[in-house]
Amino acid sequence: MSKICTADKAMARVHDSDMIAAHNWGISGSPGYLFRALVERGVKDLTLCIPNFIPMPEGFVERGLTDPSILLPQVRKIISPFIGARGILSNLSETFLSNLAKEGRLEIETSTHGILMERLYAGATGLGGIYSPVGVDTIVAEGKEKRNIDEVDYVFEKPLRPDVGLIKADKADTLGNLVYRGSARGANPLIAMASKYTIVEVFDVVEPGVLEPEMIVTPGVFVDCVVRIPDEDIYSGKRRTELIQLLAEVMLARGM
Amino acid sequence: MKDRLTEELLAIRAAQEIKPGDYCNLGIGLPQLCASHVPEGAIVQAENGTLGYGPLVDQDNVDKMDLDFIDAGGSFFTPAPGMAFFDILTSFMMIRSGRLKSFLGGLQVSERGDLAIHSLSSTDKFPQIGGSMDLAWGAKRLIVLMTHNTKDGVSKIVKELTLPMSARACVDLIITDIAVIEVTSGGLVLRECVPGWTPEEIQEQTEAPLKVADDVKEMEF
Chain A
173 MSKICTADKA
183 MARVHDSDMI
193 AAHNWGISGS
203 PGYLFRALVE
213 RGVKDLTLCI
223 PNFIPMPEGF
233 VERGLTDPSI
243 LLPQVRKIIS
253 PFIGARGILS
263 NLSETFLSNL
273 AKEGRLEIET
283 STHGILMERL
293 YAGATGLGGI
303 YSPVGVDTIV
313 AEGKEKRNID
323 EVDYVFEKPL
333 RPDVGLIKAD
343 KADTLGNLVY
353 RGSARGANPL
363 IAMASKYTIV
373 EVFDVVEPGV
383 LEPEMIVTPG
393 VFVDCVVRIP
403 DEDIYSGKRR
413 TELIQLLAEV
423 MLARGM
Chain B
26 MKDRLTEELL
36 AIRAAQEIKP
46 GDYCNLGIGL
56 PQLCASHVPE
66 GAIVQAENGT
76 LGYGPLVDQD
86 NVDKMDLDFI
96 DAGGSFFTPA
106 PGMAFFDILT
116 SFMMIRSGRL
126 KSFLGGLQVS
136 ERGDLAIHSL
146 SSTDKFPQIG
156 GSMDLAWGAK
166 RLIVLMTHNT
176 KDGVSKIVKE
186 LTLPMSARAC
196 VDLIITDIAV
206 IEVTSGGLVL
216 RECVPGWTPE
226 EIQEQTEAPL
236 KVADDVKEME
246 F
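Heads up: the protein sequence lines correspond to chains A and B, in order. According to our numbering, numbering within the first sequence proceeds without interruption in unit steps and concludes at 428. According to our numbering, numbering within the second sequence proceeds without interruption in unit steps and concludes at 246.
Because the hints were derived from the structure by calculation, they are not lab data. Just to be clear, a hint being listed does not mean it is correct.
Restricting the straight-line Cα-Cα distance to at most 27 Å, the calculated cross-link-like pairs of lysine-lysine (DSSO-like) are [to be verified]:
hint	chain 1	residue 1	chain 2	residue 2
1	A	K410	A	K368
2	A	K216	A	K249
3	A	K330	A	K318
4	A	K368	A	K330
5	B	K89	A	K410
6	B	K89	A	K318
7	B	K165	A	K318
8	A	K330	A	K274
9	A	K410	A	K316
Residues from chain B that keep clear of chain A, each with C-beta distances beyond 10 Å, as calculated [what the hints assert, rightly or not]:
hint	residue
10	P45
11	D85
12	A105
13	G178
In this text, a Cβ means the ideal position worked out from N, Cα and C, and glycines have one as well.
Construct the complete structure from the given sequences, taking the supplied hints into account.
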């Protein structure tokens, strides 16, 4: 059965108070098209589990790019090792985020990139959590169980089992088998495995048999909905050159 | 005022720690500057999922920008033969497996090699821990690059950390703008002095006690 559907239809599975996992490490591999669809869905009180929360420099969201910050009005809690409001020119000022947090409208849980991945892995495989040697006696261990096993100290980290995973791949077949390109792979395969329901945005959809079976990174069993980015969207394969030009401007704005 | 190393020279000295055959990770900030000085035969890892990428795209070759070729700091890179891509779970297995030489920036290092990378507390500011704690904990060898003193002249090499710790007893070598210092089980050992500096003058700038290596030498580039 084909898993192709529209973003609208896919988003009907997202509800108030859900935990959403998504990849973000710059624009590469981040589901920018689905972020916009989630805004349109209008659900609230979401928990957002994301490796990085990096807003665009000022003015680029207005020009059609998206970033996780557009979800802020719908988000109650962010679980992320890196919130990039400080130090880089951004769409959001640190003060804005800080005020949200102070008013109790936004909760922030920190982690490390590696531990966040292991927590998702634990969620994916049904483990009850992990004992991590990373983070012992640091700010990420505050309020967590510390345990010594064979003379090494560990901190207990709970598993993460997101309700919905929003991911991006290069190509999908109609069965939901996915291939990625370059560093856009990111946390996408793991988020697909850890989430109860996974929605993927792709540049291109092909028929079963077109993708080399050996090259498939995420087998279709982990994917529920395949959304092909419409040609007219800035994130579509058709407008790739334009997007790259826009990103060159983003780099300049960040002084890179 | 004595001359201190520029960031570029500090990075050149740090890159001498990378040998052909090494796998290494260059952290955000000062360590990134080592990228242009990595010797032939060493392989650089980006924690967002690449091993062995080519030179970064700069403003002279913007036409080489590829949407899907970005390093951990968000810079675009060019492909290189033998390059490998992987997901971030795999990437951090690599990082924590003790196979990488890691280069990190730092705000403080204690005499036991405890490292503080962030001044933030979890309660009042926003976390920017990223992968630094994993890199510090799991490195085969951890080299910290930082200025020796803060802008106000305070020593960053201290007896006890006053900033939040990132990882305990993890640092192997400290390279600053005036010295190279090794962290040993017997304390900090001064290995190299930047030209123009004596061991005594470096100790004056350093809160933690330094032992001067028998073969202490002038830094070479």
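Hint check:
The straight-line distance between the Cα atoms of K410(A) and K368(A) is roughly 31 Å, outside the 27 Å bound, and the hint therefore fails. With a C-alpha separation of about 11 Å, the suggested pair K216(A) and K249(A) falls inside the 27 Å cut-off, and the hint holds. Between K330(A) and K318(A) the alpha-carbon distance is near 13 Å, which keeps this suggested pair within the 27 Å criterion. A C-alpha spacing of about 17 Å is found between K368(A) and K330(A), which places the hinted pair at or below 27 Å, so the restraint holds.
Under the criterion of a C-alpha separation no larger than 27 Å, the hint pairing K89(B) with K410(A) is consistent with the structure, at around 18 Å. Note on K89(B) and K318(A): the hinted pairing is violated, with a Cα-Cα distance of about 48 Å set against a maximum of 27 Å. A hinted pair counts as satisfied when its Cα atoms are at most 27 Å apart, and K165(B) with K318(A) qualifies at roughly 25 Å. Note on K330(A) and K274(A): the hinted pairing holds, with a Cα-Cα distance of about 25 Å set against a maximum of 27 Å.
Between K410(A) and K316(A), the direct Cα distance comes to roughly 48 Å. Violation of the 27 Å bound is thereby established for this hinted pair. Its beta-carbon lying about 24 Å from the closest one in chain A, P45(B) satisfies the requirement of being farther than 10 Å from that chain. Separation of D85(B) from chain A is adequate, the least Cβ-Cβ distance of about 12 Å exceeding the 10 Å criterion. Look at A105(B): its CB is around 12 Å from the nearest CB on chain A, clear of 10 Å, so calling it non-interface holds up.
A cut-off of 10 Å between C-beta atoms confirms that G178(B) is not in contact with chain A; the least separation is 23 Å.
Going down the numbered hints, you'll see the structure goes against 1, 6 and 9, while the others check out.
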